Amino acid sequence: MAVDATKYDSDLVLKVQTGTDPGTGDPVVKLRRYTRVKPEATHDAVYAVAEAIAGLQVHPLVEITRQDDLRLEAG
Amino acid sequence: METTQTLQMRFVTQAGTRVTISLDNPRDDLTEAEVTAAMDQIIAKNIFSTSGGDLVAKDSAQIIDRTVNVIYEA
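Read top to bottom, the protein sequences are chains F and X.
The UniProt record's numbering puts the first residue of the first sequence at 1, with every later residue one more than the last.
The UniProt record's numbering puts the first residue of the second sequence at 1, with every later residue one more than the last.
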């Protein structure tokens, strides 16, 4: 049985460093989630928007991640 | 007392409705040119879907100050 995976939703998640833990000195990372990204949007386009948004805010950007949701259907 | 700031970027959709994309902790030295350039980039890359269709134009941008005064905390 073959199973097909179809992208049906996508989120853009920016990881930003909001500070450092006073006890351990480890960076404190917060997530900024942007939902309703088109599943068919290219990685290039999502990256460009992420950089544009991140450049407006005060905390340094740690990582740009994209979360795609896949629907599985037996063919 | 704690103050937080949020940048709200408002866009016009294909259907003519308004959609806001928000951003916490905007830089306090943001210029109009920087914000409108980011908004243009968001429109050009067209990665967001809304109930009104694609984002097609800029509407406005504003920074909202929110001050929280805790009256009671258990």
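Everything labelled a hint here was simulated from the structure, so no lab data went into it.
Here the structure is a predicted model, which means the values were calculated and not measured.
Honestly, I wouldn't trust all of these hints.
Listed next, the in silico DSSO-like pairs over lysine-lysine satisfying Cα-Cα at most 27 Å (straight line) [to be verified]:
no.	chain 1	residue 1	chain 2	residue 2
1	F	15	X	58
2	F	38	X	45
3	X	45	F	15
4	F	38	F	7
5	X	58	X	45
6	F	15	F	30
7	X	45	F	30
8	X	45	F	7
9	F	15	F	38
These stretches of chain F come out as covered by chain X in the derived footprint (C-beta under 8 Å, 3 or more residues) [what the hints assert, rightly or not]:
no.	region
10	27 to 40
11	52 to 59
Just so you know, even glycine gets a beta-carbon here, dropped at the ideal spot from N, CA and C.
Hints and how they fare:
1. With a C-alpha separation of about 26 Å, the suggested pairing of residue 15 of chain F with residue 58 of chain X holds against the 27 Å cut-off.
2. Our distance criterion of 27 Å between C-alpha atoms is met by residue 38 of chain F and residue 45 of chain X, whose separation comes to about 11 Å.
3. In summary, the hint linking residue 45 of chain X to residue 15 of chain F is supported, as the alpha carbons are separated by about 21 Å, within the 27 Å threshold.
4. At roughly 9 Å between alpha-carbon atoms, residue 38 of chain F and residue 7 of chain F fall within 27 Å of each other, so this suggested pair holds.
5. For the given pair, residue 58 of chain X sits about 14 Å from residue 45 of chain X by alpha-carbon distance, which is consistent with the 27 Å threshold.
6. With a C-alpha separation of about 6 Å, the suggested pairing of residue 15 of chain F with residue 30 of chain F holds against the 27 Å cut-off.
7. With a C-alpha separation of about 25 Å, the suggested pairing of residue 45 of chain X with residue 30 of chain F holds against the 27 Å cut-off.
8. For the hint pairing residue 45 of chain X with residue 7 of chain F, the CA-to-CA distance comes to about 19 Å; that is within 27 Å, so the pair holds.
9. With a C-alpha separation of about 20 Å, the suggested pairing of residue 15 of chain F with residue 38 of chain F holds against the 27 Å cut-off.
10. Residue count for the region 27 to 40 of chain F with a Cβ under 8 Å from a Cβ of chain X: 5. That meets the three needed, and the coverage hint holds.
11. Counting residues of the region 52 to 59 of chain F whose C-beta lies closer than 8 Å to any C-beta of chain X gives 7; at least three are required, and the coverage claim holds.
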